[in-house]
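Place chain X with the ligands on chain F using the hints.
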Amino acid sequence: MIASKIRQILIGKRAGSVTLKYPFEPRPSEPGYRGRVTVDTDKCVGCGGCADVCPARCILITDVSPFIRIIRRYLDRCIHCGRCEEVCAYDALHLDGEYELATTDRKDLFIEQKLFMGTCNRCGRCYIPPTPLDRLMVVGFRKDEDLDGETI
Amino acid sequence: MKEGFIRKFHSKAFGRSLWVFHTNVGACNGCDIEVLDVLTPFFDVERFGIKLVGSPRHADVLLVTGPVTRPMVEPLKRLYEAVPSPKLVVAIGACAVGGCVWFDTYNVIGGVDKVIPVDIYIPGCPPKPEAIIYGVALALGLVPKKVGPAIESHEIPMEVEDILKELTPSRPVALPVNPDGKNDNGKQDGEGA
Ligand code: SF4
Ligand code: SF4
Ligand code: SF4
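Here the protein sequences line up with chains F and X, keeping their order.
This note's numbering numbers the first residue of the first sequence as 1 and each following residue consecutively.
This note's numbering numbers the first residue of the second sequence as 1 and each following residue consecutively.
Any given hint could turn out to be false.
[Claimed, not checked] Keeping only pairs whose Cα atoms sit at most 30 Å apart, straight-line, the calculated DSSO-like set for lysine-lysine is:
1. X:87 to X:114
2. F:21 to X:51
3. F:107 to X:87
4. X:77 to X:145
5. X:114 to X:77
6. X:114 to F:107
7. F:114 to X:114
8. X:51 to F:13
9. X:51 to F:114
10. X:145 to F:107
11. F:114 to X:145
12. X:145 to F:43
13. F:107 to F:43
14. X:145 to F:21
15. F:107 to X:146
16. X:87 to X:145
17. X:87 to X:51
18. X:114 to X:146
19. X:51 to F:5
20. F:21 to X:87
21. X:146 to X:51
22. F:114 to X:77
23. X:87 to X:146
24. X:146 to F:21
25. X:77 to X:87
26. X:145 to X:114
27. F:43 to X:146
These are calculated hints, taken from the structure and not from any lab test.
The following block holds chain F by itself, in its conformation from the complex (with noise of 0.2 Å):
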């Protein structure tokens, strides 16, 4: 009986321990894992093209003037696929690999960006500029005397 037990400890000492010391080690996530939704307002045109394939709806537009849209971010149920990284074409979007996202309150997870929109002149709505420095040429509107003799 107490041989045994000894025979037990001697083979767990061959073994080794196995087990994590997560959480008093850091441990950084593998390569290609996804994780948290980060986004740079800066790069962002608000395009809309991450909400339109978002398989969760976390991602929602409102446009409540002429000049701003309000893009709002529900990353709770975010299930972190990763596709709004993939069609982002203005490399605005990342998922760091940060997992470490428990909170006591899922408001924490939640990111809005109030983005500056050029105007439609016809029906009023936001449009996307295709540069940011044409983004700083959209304040006011075209006249046509502006035209300089020009017919269209």
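This is chain X with the ligands only, laid out in the frame that chain F set:
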């Protein structure tokens, strides 16, 4: 207030063992496998004294996975009442936290916190076993919380602000879906549950 409660809970329960009862209220089993995973020798939450028990009356902590399907609403409430106080409810997975891709499906309530109060949310579909351990460590007060809400904005030129003051919205402003519990059609989420 919640943080305070958790600290009180922690001072009461830490040093002793937390016994957990695991329940599935409509999960796809992905999260349940991860919960099993953290009990294996590799991740080994038993080093924190955490032990899975077979009855809610023996438990301190209720682990819930799944988006709460309508038939599971009443059983979940009864389960919550069966756990003796003080109790902690941990929602594991995007389903339990916010309803995942089923948050506005007709037979799904979409989130455990619409039925019973939740103390710790662990998002992810499914969360990594390490993420669950992190949530447990957060409950025990061993690690700090890392996430917070973000509100970001482009730089908006002054002229635009002036123009905006004179303009009225070009079309009605749509309602946000959560956390006010309204979906895009203006209906209440989980209505009639
Ligand atoms: S796809 Fe990229 S650029 Fe377009 S709205 Fe989403 S984050 Fe912004
Ligand atoms: S990772 Fe997937 S679920 Fe999460 S925001 Fe992006 S598209 Fe939506
Ligand atoms: S969060 Fe994802 S893995 Fe977990 S039960 Fe829901 S669908 Fe399944």
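Outcome of the hint check:
Restraint check: the Cα-Cα separation between residue 87 of chain X and residue 114 of chain X comes to about 17 Å, which is no more than 30 Å; the hinted pair holds. Distance check on the hinted pair: residue 21 of chain F and residue 51 of chain X sit about 18 Å apart at the alpha-carbon level, within 30 Å; holds. In summary, the hint linking residue 107 of chain F to residue 87 of chain X is supported, as the alpha carbons are separated by about 22 Å, within the 30 Å threshold. Proximity of residue 77 of chain X to residue 145 of chain X is assessed by CA-CA distance (about 28 Å); at most 30 Å being required, the pair is judged to hold.
Between residue 114 of chain X and residue 77 of chain X, the direct Cα distance comes to roughly 11 Å. Compliance with the 30 Å bound is thereby established for this hinted pair. For the suggested pair residue 114 of chain X and residue 107 of chain F, the alpha carbons sit about 14 Å apart, so the restraint of at most 30 Å is met. Proposed proximity of residue 114 of chain F and residue 114 of chain X is supported: the alpha carbons are some 29 Å apart, at most 30 Å. A distance of roughly 24 Å separates the Cα atoms of residue 51 of chain X and residue 13 of chain F; the hinted pair therefore holds under the 30 Å criterion.
At roughly 46 Å between alpha-carbon atoms, residue 51 of chain X and residue 114 of chain F are farther apart than 30 Å, so this suggested pair is violated. Restraint check: the Cα-Cα separation between residue 145 of chain X and residue 107 of chain F comes to about 13 Å, which is no more than 30 Å; the hinted pair holds. Taking the CA atoms of residue 114 of chain F and residue 145 of chain X, the gap is near 26 Å; set against the 30 Å cutoff, the hint holds. For a cut-off of 30 Å, the pair hint linking residue 145 of chain X to residue 43 of chain F stands: about 28 Å separates their Cα positions.
Of the supplied pair hints, the one linking residue 107 of chain F and residue 43 of chain F holds, its CA atoms being roughly 24 Å apart against a limit of 30 Å. Restraint check: the Cα-Cα separation between residue 145 of chain X and residue 21 of chain F comes to about 19 Å, which is no more than 30 Å; the hinted pair holds. For a cut-off of 30 Å, the pair hint linking residue 107 of chain F to residue 146 of chain X stands: about 13 Å separates their Cα positions. With a CA separation close to 20 Å, the supplied pair residue 87 of chain X and residue 145 of chain X stays within the 30 Å bound.
With a CA separation close to 15 Å, the supplied pair residue 87 of chain X and residue 51 of chain X stays within the 30 Å bound. Between residue 114 of chain X and residue 146 of chain X, the direct Cα distance comes to roughly 24 Å. Compliance with the 30 Å bound is thereby established for this hinted pair. Taken as a hint, the residue 51 of chain X and residue 5 of chain F pair is honoured in the structure, with Cα atoms around 24 Å apart against an allowance of 30 Å. Using a Cα cut-off of 30 Å, the hinted pair residue 21 of chain F and residue 87 of chain X holds, with the two alpha carbons roughly 27 Å apart.
For the suggested pair residue 146 of chain X and residue 51 of chain X, the alpha carbons sit about 26 Å apart, so the restraint of at most 30 Å is met. Proximity of residue 114 of chain F to residue 77 of chain X is assessed by CA-CA distance (about 39 Å); at most 30 Å being required, the pair is judged violated. Restraint check for residue 87 of chain X and residue 146 of chain X: satisfied, since their Cα atoms lie roughly 24 Å apart, inside the 30 Å limit. Taking the CA atoms of residue 146 of chain X and residue 21 of chain F, the gap is near 19 Å; set against the 30 Å cutoff, the hint holds.
At roughly 14 Å between alpha-carbon atoms, residue 77 of chain X and residue 87 of chain X fall within 30 Å of each other, so this suggested pair holds. Note on residue 145 of chain X and residue 114 of chain X: the hinted pairing holds, with a Cα-Cα distance of about 23 Å set against a maximum of 30 Å. A hinted pair counts as satisfied when its Cα atoms are at most 30 Å apart, and residue 43 of chain F with residue 146 of chain X qualifies at roughly 24 Å.
Of the numbered hints listed earlier, those contradicted by the structure are 9 and 22.
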